Every structure is written in structure tokens, then in C-alpha cells.
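Q: If you want the building blocks of each chain, they are given just below.
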Amino acid sequence: MAVDFGKEVDHVARLARLTLEPEEKERMTGQLSDILDTARRIQELDTGGVEPTSHVLDLPVVLREDETRPSLPLNRVLQNAPRRQKNFFRVPSIISNVQAEK
Amino acid sequence: MKYEVAIGLEIHLELQTKSKLFCGCSTTFGREPNVNCCPICLGLPGTLPVFNRRAIELAVTAAIALNSAVSDQSRFDRKNYHYPDLPKAYQISQYEQPLARGGFLEIESEQSFKKIKLERVHLEEEAGKLIHSGSSILGSEYSLVDYNRAGIPLLEIVTAPDIRSGREARLFLEDLRLLLLYTGASDCKMEEGSLRCDANISLRPSGLSSLGTKTEVKNMNSFRAVETALNFEAKRQEAILKAGGSIAQETCHWDEAKKETIPLRGKEGSSDYRYFPEPDLLPLTLDRALIQNISEQLPELPLQRRTRLKQQYGLEAGEAGLFTENRALGDFFESAAEEYSNYRSLAKWVRGDLLYQIRESGKPVEEIQPKQLIELLTLLDQETINRPVAKELLSEMVKSGKGPKELVKEQGLERVSGREKLMPLVERVVAENPAVVEKYLQGKDKAISFLVGRVMALTGGRADPGEINKLLKEKISQ
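Chains as they are written, first to last, in the working numbering: chain A, 1 to 102; chain B, 1001 to 1478.
Next comes chain A alone, as it looks inside the complex (with noise of 0.2 Å):
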């Protein structure tokens, strides 16, 4: 079954909010279905019978106590932002951006 790389491309780029130029985009569907024949011929082995792995450290978990600690001062936690108001974080319109990406 012959899967077309460009449109699952172009919905990963959109999940992702990344807008690809036509040659990135060329270049990430040939990569994109390498990866996919990579993961294709894993899937030929034979595993009947192994339960499905998520983690391969055997270890318990660890638990803190609830317990507060100090957070990072103000002028740290927004030295990142691209753009701030006040103590704000400030983003722009969500979903004008959204319906205008469709």
C-alpha cells in the first residue's frame, strides 16, 4: 500500500505549527519514509508472547513528600519570553491562527 509521505508531512508540520519550505519539505518526506521502512522491518519480528515495553529500568518509582520549595525569581522565570506585558507571557491570537492554517 503505497502511503503519500507528502500529505502525513504536511499534517505533521501543521500539528507541529512549522511552516516547511518546498525543499524541506522534499527532503523530510524522503527521510520521513526511511524512518517508516526502518520501523517496518522491526515490525517483521516476531513478538507473540513479550509484553509491550515502555521502560527497560526494573526500579520503583520515586516519591517526593509535598513539600514546597522556592520558584524562580519573576525576571528568570520570563528572561525567554519574546514578549512579556507586565507579568504576563504574551502569545498571539490562538484561534484566528488555527482556522487560518486550514
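For the record, the hints were derived by calculation from the structure and aren't laboratory data.
Computed from a prediction, not measured in an experiment: that's the story for all the values here.
We put the beta carbon where it would ideally sit given N, CA and C, even for glycine.
Among these hints, one or two may not hold up.
[Said to hold, decoys possible] Listed next, the stretches of chain B that the computed footprint assigns to chain A, with coverage defined by at least 3 CB atoms under 8 Å from CB atoms of chain A: (1) 1015 to 1029; (2) 1044 to 1053; (3) 1140 to 1153; (4) 1283 to 1289.
Keeping the supplied structure of chain A fixed, place chain B upon it in accordance with the hints.
A: Chain B in isolation, oriented as in the chain A frame:
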């Protein structure tokens, strides 16, 4: 064609912890924006999340109270989506192996009990808060982000599509809120956003078991809004179906001012979230003993309490309901009932005059001593004071905190009774009102109530009208 409404709710609750789910930042509400933030909850590279033990215990407590089966092994996943309230562009949530599956909540709807089944209960991290430049997200030029909320432990409860009306959805939420308040898992303040609710709603021809195409309704900010919005959306869908149209699967935004649902955008399928196991957190293994322990320490829950109050004290359904919803008032009643066995009279006073005085004075019921109410009722039972005086005293008691006996002495409020005390007053009134006495003697029975009133006034309202009446008739007939 008749349609049946199928509603499933998705409820989010902030758990009542001091610190966030994965870091030590405070969860205090109402602070200056972005002061409860650290590299972990801001999603800065190189940080690692560490579970808050209390959050897990509270989540398990809530799940058990909801009759949901807690898994001894659950897993956390990344739910990927780009939205400015999510600093990492993914939310740590649970997908394939939630904390607990199944369960139900029994609600009382139209005098009968109904079990609303649950699909799952899981733990995740809260997102930040957005403030839009316009009046709503629609058409806002920009938005401001506050990450104080980001990373607070959040419990998600998903119901089966068992709910049949907006009203039933509201009843479910009211009962759920009460239950979770009892367990102490959340403060459930919808006005502070610590309890939020979205809904999936669809219509199907009555009698059909498969579900129709659903819409998701968001932005309902009160229980009342949930009821109104879902009733509106059900009608909107019905009109489309009756006109031969079909429902588009989309998200709708409830507009509280216009009282209507506005479709937002085509809903992204769940695969678009590209869930995958969270590599930074090991699977959560819960000790059976811990689950057992939490289950044994569960406090009495609202439904149990309501039933017990009816049985133990012979309370009416309304009273048992009130003493369950208003837990402090119920505790007051129970504490007084330990030493005062006329439960009927006690319940009437607590739900009536006491509750009224508490609301009037704004004093919390915790500050009122059950002993003082017992003292008051005992004075009334012994006929030392009459009913109007008792009501007056209760008001004074709540305001001043002084005991009824003390107040009675202070104000000379003992009941005036007995021939010795009352007869001289009766004689005086009869002497002062010959015309009225004459009318009574001519057969105008009503004239006597005027005389009773005069005597009552002389006692400062502290006598029994029946007794005065008797003495007056005796005096006049002499």
C-alpha cells in the same frame, strides 16, 4: 421522530496538595502571575519530573470513592499538542493504562436512584491559564499566559454517555462535588477553576443503542451553565436532525452572555495527540497495601450519611439532605443529638431558626456551641420561656455567644405564669377597658383577643396566651 440525548462528561479537578505534581512550586491560588514557576513546570530543557506522593494518594482516594478499580500498575504518557497554556507543548497524562478504570456514581434524579457509570479516572498535570485580550478566545488579538497553574495535579474523570439531560448532568456534578469534598481530594471551587467540566453530547432515535455523532461543549463555568448549555445544544442538534441535516463532529463554545453554543473548529481525532509513553517517568506501581489502607480510611460518604441520618434520627429526606450538603450544620446537629433526644424538635430548630440566624449573622456554625442550643430547648421544654422568647434568645445567643440561661437572667425573660403573677395584670386590663369587656359580654367573642393582647403586652410577651385567656374569662364572668 423522538430522540434520546446521550451526554458524557469529562471532569477535571485540581487535587488539594501544597505543591505541584512534579515540582515543589506552591499551588496557592490568586497569586501574582508567574510567581509559582520553576524550570520543571515551565518545561525548560534538562529538567526531570518527580511524583508528589500526596497527589497520588488523593487521586487513589477519589478513585476508590467513585467505585473505580485502581490498577496496581499504571503508566504516564505524553499528550502532544501546541497550545500556549502548555509550556512543554505536551501534557503529562495517562492514556493506555490509567490510574483506575470503571466505577460509578449514584445520583438521585426525580426521586429515584440512578447509577452513572464511569469510563476511567486518571491523573495528569494542569495547564497554565490564558487571559484573552478580547471578551473571549474568539477574535482576540493576543492572549496573556500565567503558568502558576501549570503542573498542579489534576484528576480527570470521564463518564459513560449515561446522562440524559442537562438537569441530570447538573445533579451528577453536584453529587460528584459533594463526594470529593467529603474525601478531601479537592476543594471543587468552580469559580476558581479547581473543578471544570466539558461534555460530549449526541442524539439518537429513541430505542437505538448506538450513539449518534457528538459535539463537545466547552467553556461552561457553573453547574447552571452546564445545565443550560446542554439543553440548548440538545435542542440545536434536534432541530438539525429534524430538518434532515446531519451533525458535524466539532467543538462548541458556550457563550454565557448570548446563551448559545458556538461551533469552534473540526475536532482533531485523538491520534493527533500522538501519545507515547513518558520516558522521564517510570510506571507507577501502587502497593496493594496502600490501596487497602486508603480504602479503609475513607470517611463516611454523602450517600451513606444521608441514609444513616434518616435511620438513626428519623429525619425527613430534606433534613438528611441538608445535613449532608451542609456538613458543618449536620455535625452540629449530631453533636447536639448526643445529649438531647427529642431529635424531631432539635432538627426543626437546627434547620429552621438556627440556620436562619447563622445566615443573618454570617457567623460560622463551628463557632456555635451545641450545648447552648440544648440549654435553650430545655428551658423551652420546662416552660421557663415561651416560643417567641426562645426564638429571640437564639438570635441573641448566636450574635453574642452568651448562653441562654445567662441571657434569660440578664434580660428578665423568664416566662410570666401562674395565677399569682397574672391575675393582678388581668384585673388591671379589665378595669381599664370597660367598653371592650361590655362588647365581649354582648357576645362579641373576638373582643377577648384585644384584652389578651393587652395583658401579654404588660408581661413583655412572656406569658402563654392560653393561660391569659382562661384567667380573663374567669375574671369577666365573676
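Q: If a hint holds in the structure, say so; if it does not, say that too.
A: Structure-based check of each hint:
Under a criterion of three residues with beta carbons nearer than 8 Å to beta carbons of chain A, the stated coverage of the stretch 1015 to 1029 of chain B is upheld, 7 such residues being counted. Look at the stretch 1044 to 1053 of chain B against chain A: 4 of its residues bring a Cβ nearer than 8 Å to a Cβ of that chain, three or more, so the hint holds. Under a criterion of three residues with beta carbons nearer than 8 Å to beta carbons of chain A, the stated coverage of the stretch 1140 to 1153 of chain B is upheld, 8 such residues being counted. With 3 residues bearing a CB less than 8 Å from a CB of chain A, the stretch 1283 to 1289 of chain B meets the requirement of three and the coverage assertion stands.
The structure agrees with every numbered hint stated previously.
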